[in-house]
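S.K.: Listed below, chain by chain, are the residues.
Number of protein chains: 2
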Amino acid sequence: CAHSLPSASMHVDPALLDAHILTHTGDAWYGVANGCTRKLGMKICGFLQKNNSLDEKSRMVGAFKESAKNQMCDNSERFMRAETDFSNLFARDLLPAKNGEEPTIQFLLEVVEILTNYVRKTFDRSTKVLDFHHPHQLLEGMEGFNLELSDQPESLEQILVDCRDTLKYGVRTGHPRFFNQLSSGLDIIGLAGEWLTSTANTNMFTYEIAPVFVLMEQLTLKKMREIIGWPNGDGDALFSPGGAISNMYSVMVARYKYFPEVKTKGMSAAPRLVLFTSEHSHYSIKKAGAVLGFGKENVILLKTDERGRVIPADLEAKIIDAKQKGYVPLFVNATAGTTVYGAFDPINDIADICEKYNLWLHVDGAWGGGLLMSRKHRHKLNGIERANSVTWNPHKMMGVPLQCSAILVREKGILQGCNSMCAGYLFQPDKQYDVTYDTGDKAIQCGRHVDIFKFWLMWKAKGTIGFEQHIDRCLELSEYLYNKIKNREGYEMVFEGQPQHTNVCFWYIPPSLRSMPHGDERREKLHRVAPKIKAMMMECGTTMVGYQPQGDKVNFFRMVVSNHAVTKSDIDFLINEIERLGHDL
Amino acid sequence: CAHSLPSASMHVDPALLDAHILTHTGDAWYGVANGCTRKLGMKICGFLQKNNSLDEKSRMVGAFKESAKNQMCDNSERFMRAETDFSNLFARDLLPAKNGEEPTIQFLLEVVEILTNYVRKTFDRSTKVLDFHHPHQLLEGMEGFNLELSDQPESLEQILVDCRDTLKYGVRTGHPRFFNQLSSGLDIIGLAGEWLTSTANTNMFTYEIAPVFVLMEQLTLKKMREIIGWPNGDGDALFSPGGAISNMYSVMVARYKYFPEVKTKGMSAAPRLVLFTSEHSHYSIKKAGAVLGFGKENVILLKTDERGRVIPADLEAKIIDAKQKGYVPLFVNATAGTTVYGAFDPINDIADICEKYNLWLHVDGAWGGGLLMSRKHRHKLNGIERANSVTWNPHKMMGVPLQCSAILVREKGILQGCNSMCAGYLFQPDKQYDVTYDTGDKAIQCGRHVDIFKFWLMWKAKGTIGFEQHIDRCLELSEYLYNKIKNREGYEMVFEGQPQHTNVCFWYIPPSLRSMPHGDERREKLHRVAPKIKAMMMECGTTMVGYQPQGDKVNFFRMVVSNHAVTKSDIDFLINEIERLGHDL
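Protein chains in written order, with the UniProt record's numbering: chain A, 1 to 585; chain B, 1 to 585.
Some hints could be false.
One copy or any two copies: either way a pair holds, since identical chains are not told apart in the list.
DSBU-like, lysine-lysine: derived pairs with alpha carbons at most 35 Å apart [what the hints assert, rightly or not]: (1) 257 to 323; (2) 532 to 128; (3) 376 to 303; (4) 568 to 486; (5) 121 to 431; (6) 265 to 222; (7) 128 to 484; (8) 168 to 128; (9) 486 to 553; (10) 222 to 121; (11) 325 to 98; (12) 431 to 553; (13) 296 to 323; (14) 325 to 296.
Bear in mind the hints are in silico, worked out from the structure with no lab data behind them. Since we're looking at a predicted model, the values are computed, not measured.
Model the full structure from these sequences, guided by the hints.
M.R.: Structural data, given as structure tokens:
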């Protein structure tokens, strides 16, 4: 209703326009103008719906046109669907081609139809999660779907077919029965945000070309720092291309803090530095060690308890040991929500040790950071406010579309100090605006994708409480799963006790193994169960869940819930499916 | 026409459906089903258009329904626009909410309307490039647009307003008069591709969850390697989050090739390594040196000629000098299309030196790589087939939406060797498919955004020849600009001769400076001209072009063309605008 007002600039017969206002759902194939300022729109519209007097109508339309003249109005048009033959149209016929506007809009609407149908089916449990094909099958070409690129253009009709087929042979990561990854779900607001981001097609490096996005990023990151508990939300931060890069930033910044000369002189300017992280932590810490020139053997792995949480005494022992060997401890990573077990390292205990030995404390909350939004669960991250840096991926537990990962740093200015190179062609000091808003030189990237908008828009649309509800709900569902299987015949839990996060790790034991004595034979057989069930799941396309070995434990299932579409019935479905497929193994 | 068929599963009065097939552009407010298999669709449709016999029609519809039952059918529906009051709807009312389908579709269509209007206006020269506001103005909040996040959710109506305002206060990087960045333009096919990518919302690390995208990436990268000229297109490659990261990969891989022990032991396992790149090269090479632990002072800058091209003799002299100091030369970067001058380093001459001294040769073709697609211009990159690695950003000269940057490596397997950490939870060796398609462990990222689809789709839609035409056209336009201003009163070229790329670098000399003798005063005044004109341009919102100093040269304009919407009239407009705004300075 708010968007039904004609704008002053529309090239449409005024008679039609007026008719449209009155007969809103009628033969609306005609273009209708988009709303001006919102309040005026609602007033006119509401007014007209109540009073059909022609006099009043023309008075209101007049007022509206006046406001449009006064630049209050966004003079856009409603789209019109029209039958279009895409078999004779090519990319070259679209904008900016002459007369390209109509085919452009029609083509985009056709794409949107494909996408909205996909969205609709994603949430429909009668649709499969995937339609599995082996690489060679897809490479050989499915009916009408050929991945090869050619010299000559294809028609837009073929392009539309390609779009449909791409989705058809893909995996519905938003499906209520897709449990395969920490990132799952398809948030509609986030999706709309990504569509807008793609349309704006800009870059985060300067305020000059991304003024709104730069400010949104700044405000959102400040809010995240407040939630972490840093005073006034002070500090610094960036969105980066994923948690691995965010973790890499933390190591870089730690190095810069203690050995700033490495930036100029290289690692030879520093002593042998060592980093500490748990054996259950994400592999990106080790990767950062390799990439940044520490060497992965200088990333020292800490022992965990049986729940996957760092044993603080082991950290202290290894620090002392490293010092005795003449190495210099630099950095400790505490994981808030490990990848497999969902374990939360005891941050306060680790922070005490970091303070004692003057080490950088990073908290990798890529997976568990979202729990900070929940009053019920945030205690699992107690002590995070003592961290020097935090990784937090809204694209995991908070359901934001991929990708959206933040690296947050307590000390202001250190990202800039660590990474700046002062490129003259981007970061001119003599711009007319406050150039402290040009954030590009803080990053290791030059161009940086706009990851903020979808997240900001979701936050607006859900509110902080919306995220809290989402997180509480996911944790309740995993508790439901845990309670369902902990004493169920044919199941063994990988670790005892209720999981801290939504990760529920378990073995399914097929009847044939249930009475087999524990030993190597059983281990070997059990190791093959999860891969076999997973392969059948994928070939049936009914559901997807991850599995892996861990340490000396053979392959087990790791169930996680981060998708807001999941219900208890989907959890039940997963268990039934595992039993159906695994019963005769 | 292919999309006008009813599916068996639609809940629509069959009478309406049939009516629709006949009266295709009639009162189509009613839902219409999407196509089944394409061929059947076309047959029925074509048939019905030619023959309106009711008998034939019902026979065909019957056949169609049969095929739908046989699972050949993609049972999707055409969307229906309906009047929706978004002021009482919230994110929680959208899918997966009960009865969420209708509001979801309506909300997405409303967003699409905002986006298609934006697209339309982007190509409309009567629209401004931007509506400039200072950071404090946007932060204080514009009418109805408040960036602050709150605890409670906002209505979908407000969310739609926020979407409109975000675009309103942003910068139209696709506008024909936006010349500010190497990446510009708004390709409609690429845009559609990004919308689909967002909707698929998946991750590149495994074939398991991105089968189609993984294969598209593989095929496209092979094609790019063929175009580079590596035998059979062999080698390895990845899309990375931008050219800076791609360049960083090249340095990492070079280090791994010559000093693989650095991965394990760190930089202390290697001698003092030095990298070479020109003083005109992109700052990301230096940044890579700092990040990876070489130290930026071990990135040695090479002299260039007055056109910004590396002087090979200087490279050789500096290699010898470094060796004499006991350093170990490792890596040479040759730039194919420098950021400011658009210069192409002489790759063959540099390759000769790299071979002589056994150094890794990287070609940074982030900006100039696109010229490989043009038979007329690819000679500028002669010798690129001798490189060990190449950065090539389709998101720059090829007009692909942000972001899309490839790092291509001649030696197969080296990315994997350099970066793999073999995380068990992602890269299980016991999957049912050929796990060499799980490419995630080659990357420094864990999750990796799907950057391929938009590019693949554009290639399909334009063909190789479409990219060639685009590139030739952009270069013609810059030649037009060069010819227009090289002898024009009030202009001085920053370097003599026709530019190699689309970069045209020039000073505009206001009348007040034209008769001033060369010297410090004139230099200081001239240095302030470009920033002043740029500030006025931005405040008028009419056009945007970059400026910067370079070496001892005071601020000059750098004009570039990569947007397919640009015409000669836009070049003329820019010149007129510079003169209008700068005349009285």
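S.K.: Indicate, hint by hint, whether the structure satisfies it.
M.R.: Right, here's what the structure says about each hint:
1. Proximity of residue 257 to residue 323 under the C-alpha cut-off of 35 Å is found in both arrangements, the shortest distances being 19 Å within a copy and 32 Å between copies.
2. For the identical chains of this complex, residue 532 and residue 128 are intra-copy neighbours only, at 19 Å inside a copy versus 59 Å across copies, given an alpha-carbon limit of 35 Å.
3. For the homomeric pair residue 376 and residue 303, the shortest alpha-carbon distance inside one copy (28 Å) is at most 35 Å, but the shortest distance between copies (61 Å) is not.
4. In this assembly of identical chains, residue 568 and residue 486 lie within 35 Å of each other by CA distance solely inside one copy; the values are 16 Å within and 72 Å between copies.
5. In this assembly of identical chains, the alpha carbons of residue 121 and residue 431 lie at most 35 Å apart only when taken from different copies (27 Å versus 49 Å within one copy).
6. Taking identical chains as interchangeable, the C-alpha atoms of residue 265 and residue 222 lie at most 35 Å apart only when both belong to the same chain, with a minimum of 33 Å there against 38 Å between chains.
7. Only within a single protomer do residue 128 and residue 484 lie at most 35 Å apart by alpha-carbon distance; the minimum there is 25 Å, versus 60 Å between protomers.
8. Taking the shortest Cα distances, residue 168 and residue 128 sit within 35 Å of each other inside one copy (10 Å), while across copies they are farther apart (40 Å).
9. In this homomeric assembly, residue 486 and residue 553 come within 35 Å of each other (Cα to Cα) only inside a single copy, at 18 Å, whereas the closest approach across copies is 73 Å.
10. For the identical chains of this complex, residue 222 and residue 121 are inter-copy neighbours only, at 34 Å across copies versus 37 Å inside a copy, given an alpha-carbon limit of 35 Å.
11. Proximity of residue 325 to residue 98 under the C-alpha cut-off of 35 Å is found in neither arrangement, the shortest distances being 73 Å within a copy and 62 Å between copies.
12. For the homomeric pair residue 431 and residue 553, the shortest alpha-carbon distance between copies (18 Å) is at most 35 Å, but the shortest distance inside one copy (59 Å) is not.
13. Within a single copy, residue 296 and residue 323 get their C-alpha atoms as close as 18 Å, and across copies as close as 29 Å, so both meet the 35 Å cut-off.
14. In this assembly of identical chains, residue 325 and residue 296 lie within 35 Å of each other by CA distance both inside one copy and across copies; the values are 17 Å within and 29 Å between.
When held up to the earlier numbered hints, the structure conflicts with hint 11 and nothing else.
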